[in-house]
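Our numbering puts the first residue of the sequence shown at 8, with every later residue one more than the last.
Keep in mind that the hints are not guaranteed to be accurate.
As the list claims (entries may be wrong) - The list that follows gives simulated cross-link-like pairs (lysine-lysine, DSS-like), each with its CA atoms no further than 30 Å apart:
| hint | residue 1 | residue 2 |
| --- | --- | --- |
| 1 | Lys182 | Lys168 |
| 2 | Lys155 | Lys259 |
| 3 | Lys148 | Lys182 |
In case anyone wonders, no lab produced these hints; they're calculated from the structure.
Remember, predicted model here, so these are calculated numbers, not experimental data.
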Amino acid sequence: MIPPIASNFVAGETPAAALDHARRLNDRDVGAILNLLGEHYDNPAPAADDRDAYRDLVEDIAATAGDVCISVKPSQVGLDVGEETFRENLRAVVDHAAERDVFVWVDMEDHTTTDATLDAYEDLAREHGGGVGVCLQANLKRTTEDVKRLADVPGKVRLVKGAYDEPGDVAYTDKARVNEAYRDLLELAFREYDRGVAVGSHDPEMIEYATDLHDEYGTDFEIQMLMGVREDAQFDLAEEYEVWQYVPYGDKWLSYFYRRVAERKENLLFAARAVLTG
């Protein structure tokens, strides 16, 4: 069983548990982005297993009437095996989801995966005319150009600050500089995008800035936050704005926490504050 501290951040080990959590969120006007835990497979077999698990999850989601979608990590469906394996598996998930009107987010991992991830996303988004989204990280120095590149792609973009501890030659390492970059990227996206912006942040100042940009440009937007982090704020915001919660689930929950803590020491402190403050 998942211990109490972990159950704040992971919906359970099974798709049924994740879907139960999604229904409870929907009852409070919050959407659910379901992510099966797993990443960095260097063998094609587990990548294929998770590909098939996502396809089964899509079937379960399609059978409900709720606001539920999925989010897939590239290294989970084969990017560490090879780019061709990744593309084949991701396409199998996205094609299956598109036939059933289920939205697919493609997560972003460390900077070495950015080009392969964006290339695959853009091809699938153009092919399907939408129905798929991708995450961009403000701490990477390249992201301004990536936001511009994707302006005419018929998918969606989630902007986050970035959780990976990247080298200084490719990323901003100072917190204040990352915040500045995030604000600049929000302004650019709200000004240039006409299909909406996903604001992936728990920072009240950034969320308030996004609402100001919405008032200025009229661009649709949604707020995305992690399960277990500022959940009271999520429900409060959902009374006025579109809010989605990122919901991890699966039997790899222990490695999920080890990885998050290993990436940055701030992640552990952030999780502890979330538990203590709700």
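Run the structure past the numbered hints and jot down the numbers of the failing ones, going up. 2
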